[in-house]
Amino acid sequence: MPMTGSSVTTEPTTGSMPLQGERDIVMCRQMVRRLTQQAKFSLVDQTKLITAASELSRNTVVYGGGGEMRWEIVQEGLRTGLRLAFEDKGPGIPDVDLALTDGWTSGSGMGVGLSGSRRLVNDFDLRTEVGVGTCVTVARWK
Amino acid sequence: MERIPILRMGRALLVTIQIDLQDQVALQLQDDLSAQIERTGAKGVLIDISALEIVDSFVGRMLASISGIARVLDATTVVVGMQPAVAITLVELGLSLEGVRTALNVERGMQLLTAGFDADDGIQRDD
Chain A
50 MPMTGSSVTT EPTTGSMPLQ GERDIVMCRQ MVRRLTQQAK FSLVDQTKLI
100 TAASELSRNT VVYGGGGEMR WEIVQEGLRT GLRLAFEDKG PGIPDVDLAL
150 TDGWTSGSGM GVGLSGSRRL VNDFDLRTEV GVGTCVTVAR WK
Chain B
23 MERIPILRMG RALLVTIQID LQDQVALQLQ DDLSAQIERT GAKGVLIDIS
73 ALEIVDSFVG RMLASISGIA RVLDATTVVV GMQPAVAITL VELGLSLEGV
123 RTALNVERGM QLLTAGFDAD DGIQRDD
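For the record, the sequence lines run as chains A and B. So the first sequence is numbered by this note's numbering: it starts at 50 and just counts up by one. So the second sequence is numbered by this note's numbering: it starts at 23 and just counts up by one.
Treat the hints loosely; a few may be bogus.
Between beta-carbon pairs, the in silico distance windows are [stated by the list, open to error]:
{"id": "1", "chain 1": "B", "residue 1": "Gly121", "chain 2": "A", "residue 2": "Asp144", "range": "25 to 33 Å"}
{"id": "2", "chain 1": "A", "residue 1": "Asp144", "chain 2": "B", "residue 2": "Asp140", "range": "48 to 56 Å"}
{"id": "3", "chain 1": "A", "residue 1": "Gly152", "chain 2": "B", "residue 2": "Gly32", "range": "37 to 45 Å"}
{"id": "4", "chain 1": "A", "residue 1": "Thr63", "chain 2": "B", "residue 2": "Val113", "range": "27 to 35 Å"}
{"id": "5", "chain 1": "A", "residue 1": "Pro67", "chain 2": "B", "residue 2": "Arg25", "range": "21 to 29 Å"}
{"id": "6", "chain 1": "A", "residue 1": "Glu125", "chain 2": "B", "residue 2": "Ser118", "range": "29 to 37 Å"}
{"id": "7", "chain 1": "A", "residue 1": "Gln86", "chain 2": "B", "residue 2": "Leu95", "range": "40 to 48 Å"}
{"id": "8", "chain 1": "B", "residue 1": "Gly90", "chain 2": "A", "residue 2": "Pro67", "range": "15 to 23 Å"}
{"id": "9", "chain 1": "B", "residue 1": "Gln133", "chain 2": "A", "residue 2": "Pro67", "range": "45 to 53 Å"}
{"id": "10", "chain 1": "A", "residue 1": "Glu60", "chain 2": "B", "residue 2": "Ala137", "range": "31 to 39 Å"}
{"id": "11", "chain 1": "A", "residue 1": "Gln86", "chain 2": "B", "residue 2": "Val113", "range": "22 to 30 Å"}
{"id": "12", "chain 1": "B", "residue 1": "Val94", "chain 2": "A", "residue 2": "Thr150", "range": "24 to 32 Å"}
None of these hints come from the bench; they were simulated from the model. Glycine residues also receive a C-beta, built at the ideal position from the N, C-alpha and C atoms.
Please work from the sequences and hints to get the whole structure.
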């Protein structure tokens, strides 16, 4: 498999990476794969979080005009999770409820990016302000 | 930028996606496949995604639109080899790949396509 070769490197438990172009979406998926493997997520949990990260990082790049992803491997009592924040300084989302509706799209997508990735994670938080930017924070627990 | 190779086998075109797809590469594949169907008169397209570790809405849309374009060009598309974790995630994401024919593996996908070719031949012989 193409991505597993890089899984030997250990990533820091917190960090950030730029999301400026399409290539960064691929890098983001690979980073989240390494982090979920490091945190010993099951394959299905890995796949869900990577897929959510792919959707959210694309939103940051395409709709937010670029930004960054921050990550944190979280230890809360006995449970381990991975928290990801996707932040941009783009136009913001005027109608959050609408943006979270299945099938609604402002652009070329299928309209499942935000609403779908919300279903793939345990915690989902969206902060946005028109003209200031958007930050979507998600977490998945083992 | 990488390009996904398209192989021709009889009346079918075969595509094996083995890299983590950048969006532009997925779009390029869509264009390349459409052009190849037109040029070769292929009746079937088999896309093997067994090496794909995720299918997000972008790739899902690409698979659905390849399927649709191929149908209009009189070719059947079969997507094969989806990993179970990918299938679970895809459905939860909200994509059911409606209109996309799928098969468990390459062998079954080829059987499906070949059966379609034979049926076509039967119609032609009856004329």
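At the C-beta level, are Asp144/A and Asp140/B separated by a distance inside 48 to 56 Å? With a Cβ separation near 53 Å, Asp144/A and Asp140/B satisfy 48 to 56 Å, so the hint holds.
Satisfaction of the hinted span 31 to 39 Å by the C-beta atoms belonging to Glu60/A and Ala137/B: violated, 48 Å
Is 37 to 45 Å right for how far apart the beta carbons of Gly152/A and Gly32/B are? holds, 39 Å
Against the range 22 to 30 Å, how does the distance between the Cβ atoms of Gln86/A and Val113/B compare: consistent or not? holds, 23 Å
Measuring from beta carbon to beta carbon, are Thr63/A and Val113/B in 27 to 35 Å? Given range 27 to 35 Å: holds, Cβ gap about 32 Å.
Could one say that the CB atoms of Gly121/B and Asp144/A fall in the range 25 to 33 Å? The hint (25 to 33 Å, Cβ to Cβ) holds, given that Gly121/B and Asp144/A are roughly 30 Å apart.
Holds or violated: the 24 to 32 Å window for the beta-carbon distance between Val94/B and Thr150/A? For Thr150/A against Val94/B, whose Cβ atoms are near 30 Å apart, the range 24 to 32 Å holds.
Could one say that the CB atoms of Gln86/A and Leu95/B fall in the range 40 to 48 Å? holds, 41 Å
Taking the Cβ atom of Gln133/B and the Cβ atom of Pro67/A, is their distance within the range 45 to 53 Å? Holds, since Gln133/B and Pro67/A (Cβ atoms, about 46 Å apart) stay within the stated range.
Per the hint of 29 to 37 Å, is the separation of the Cβ atoms of Glu125/A and Ser118/B within bounds? With Cβ atoms ~34 Å apart, the hint holds.
The hint says 21 to 29 Å between Pro67/A and Arg25/B; measuring C-beta to C-beta, is that right? holds, 26 Å
Quick one: are Gly90/B and Pro67/A within 15 to 23 Å, going by C-beta? With a Cβ separation near 35 Å, Gly90/B and Pro67/A fall outside 15 to 23 Å, so the hint is violated.
Figure legend: structure checked against the earlier numbered hints; hints not met, in rising order: 8 and 10.
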